[in-house]
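Protein chains in written order, with this note's numbering: chain A, 4 to 458; chain B, 96 to 340; chain C, 144 to 338.
Heads up, some of the hints might be wrong.
Said to hold, decoys possible - With a Cα cut of at most 27 Å, we get these calculated DSS-like pairs of lysine-lysine: (1) C:Lys277 to A:Lys158; (2) A:Lys395 to B:Lys162; (3) A:Lys391 to A:Lys345.
To be clear, the hints were calculated from the coordinates, so they are not data collected in a lab.
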Amino acid sequence: MTHSKAASIFNKDEKKVNWHDKALWFVRHKRDIAAHTVTGWEELRNLGHGIKAHTLSNLDTYLTQFEENALKNGVQVHWAKDGDEHNRIVHGILKEHNAKKVVKSKSMLTEECHLNPYLEADDIEVIDTDLGERIVQLAKEPPSHIVLPAIHKKKEEVDVLFQEHLGTKPCDGDPQYLTGEARKHLREKFIHADAAITGVNFAVADTGGIVVCTNEGNADMGAHLAPVHIACMGIEKIIPKQEHLGVFLRLLGRSATGQHITTYSSHFKKPREGAKMHIVIVDNGRTEQLSRPDFRASLHCIRCGACMNTCPIYRRSGGHSYDATIPGPIGSILSPGKDLKKHSTLPFASTLCGSCSDVCPVKIDIHSQLYKWRQIITKDTQQPFVKKTSMKMMGNIFAKPTKFEKVGKVARWSLRNLPKSMINSKPNVWGKERDLPLGPKESFDDWYKKRQKNE
Amino acid sequence: MKVGLFIPCYINQLYPQVGIATLELLEKLNVDVGYPYGQTCCGQPMANSGYENESVGACQNFVENFKDFDYIVTPSGSCAYHVKKHYNIIEQTDDVVNVRNKTYELCDFIVNILKIKHIGASFPHKVGVHKSCHGLRGLRLGSCSENVGTEYSYIDELLQEVSGVELVTLTRKDECCGFGGTFAVTEEAISVKMGKDRIQDHLDSGAEVITATDTSCLMHLEGLITRNKQPLKVLHIAEILNSTI
Amino acid sequence: MSSREHILSKAKENKPEAIALPNIDLEVFKDAKVLSEEFILKVETAGGNVLNATSDKDVIAQINTMFPDTKVNFSTLEGTESFNTVDLNKLEKPHDLENLDVLVLRGDLGVAENGAIWIPDHQIPMRVLPFISKHLVLVIKKETIVPFLHQAYQKLGNTHNDFGVFISGPSKTADIEQSLVIGAHGALSLSVFVQ
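All chains, please: the whole structure from these sequences, using the hints.
Pasting the structure below:
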């Protein structure tokens, strides 16, 4: 389904659109308050951008350095070319440890690789432990936002879902009660887990350590209790030095939720005594994106979700309308790199308003990249005949002033003289809910010529 | 100083009064304005739709028409931004580079080149300013709410000097209206919803008039206002700056 | 070719020309905020509360008033052994800490800009402790408070930790309709004593 089709379905319930828009705008607003308290915020963004750009330009070196240090720390390091290999590696580690029950904290990478169904096919229980992720897991839906996975769900829906799956009492969607029940339910899972999977927010080349950020404490509850911790990371998670965390952790929480830092920023270096730690480093299309000069900066992304919260389209179409692991503006520049045809409508799901680029903590030129993907998509994928020919026609008209004048005259006459019912009839999508301007008798050209004559 | 007036295609055909106001205003400010007849469009409609290659003719025609002026001034932030940002698709001759550097949105030109803020206009109404995105985040005609730094707005600076204007405070001071060129048609549902939400914000803030640097945003908003019979008037900033009692 | 070599060679092949690593100039971040006041404000913003204490004994005395009815307590502060109701050495596995009510730990440093406290592994006998405890109490020395994370990492640069965590406030979530709920999987409350 195209984005616009999915969006128009979402827009059938205007009240829900208003609710969704407000919930996300509230997060954007909290981000503004937090960012505006930081002296030198824009310099911090420049640093974030610069450090990431530098890292990508030395990616192979830093990955090697990271691996070397991680190995020294007693961590096992694995490399996966794609999602399948990633899943096989994780599965293999679990098999080796005879792990049947797995707790997983938030990892967009494992979503991207579709790890859960892969493991479940072998009767391995995978429990998403972030509350929002657990909610969408129970609802058998993908996350609709990378930081707020269940932002599209009403509390009443969560209430019903928990009654069904966790046996909770009806509570009119009381978040306090529901969160408390989820805590109990997931505490059981943490205690009995055979392995914990986490994502990675930052991988530090000069220490071989990884940093995982959560508010709920679920990554730590998993990793410190289970005998095996598997951390899965994309190759772009690497940063050169530990001191660079000072830059990124200052940017991340504030941009994501308006918190000055997430509750827990856990720095894992060596496995705890008696436990095992594995890191899986995944490419899955990232080195290919690196090869595209116009789009490689998309790999700077630290997954804060600020571009989603600020995007007027995302807020009014919902994350699922993007039909991609990463929705919203950043997803719309990442996804076409993976499957141009499937995601060909995403770069057009934008007015190019530029809010995403200005909110981005690492200054990715998101809206410029959307523009650039558009140019590629019209060349490399099948386009509607009408769109293609009308663009060609317009191009011709605008290249020739005399043609432009004639066409303008006809258009003005039609707008002035044709009945409204005809102007706003079905082929005119504009007119479904909007009036067109009345066609003036004179164009500016006409008026100006007359004026010149009278002078 | 010779200024070339660029009247965007849709203003030329559908909103000549905006072009007239722009010209009259510049002349009031003692600017020597020329209007080259061969001008058409900056090429943006095709380029933003992904057909940059179809816009090459328009770009070349633009440069041909305006290459001999000291400045090119237009009542559209979006078109000015397009010339500056996206004319990298044609050969960068001296003329092209010059045209890109010398193209200005109207308010930007008045405040930063003419260095005038008080125009002597009078407009006794409550005005809501719609900060059109390409002017705001493209040309930086003002600070946007995402960035941290000193707040400013050329448009507000000019309007504050207009006698009788009362600027209203919006809840979301720089959210997009949802026009977005062909987006308005290809993503009709969202485009309409965004427009409705913008209008509501202006109504809630007590505005009588919505103004902007871009008639494209205003055409979209006006289309909704007219259809829904809402008590708001839509005027381009040039029309307000050019008005006297 | 192994996947490792494949990925590294593609990264090498596809990367742009070298871009210099920017220099971090801390001058641009300087503001006029008072460290201790800012720290208190940010801990409170994160949902924690800040108290003053003259000594470790004083910390325990205040905790006993704050949590009069708790059953399972543990503190790593020196000279507060009588407060402890569990002997970590006798625990078979960390899972047995599930009923821990109050945990008192010392933090190495505090960060004024975000209220975060650094807890490295030498301060925690078991890694899961600060997460599994219902109520977490952290004690820091006032002079260890630094303005920004940058200074915190400058200090950490010289230490070798196998594990460490910045903790800012109690665990929390807003995953249900953006309503903030304190107490997700980790601690339900955080009290910070500044000495």
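| Which hint numbers does the structure go against, in order from smallest to largest? | none
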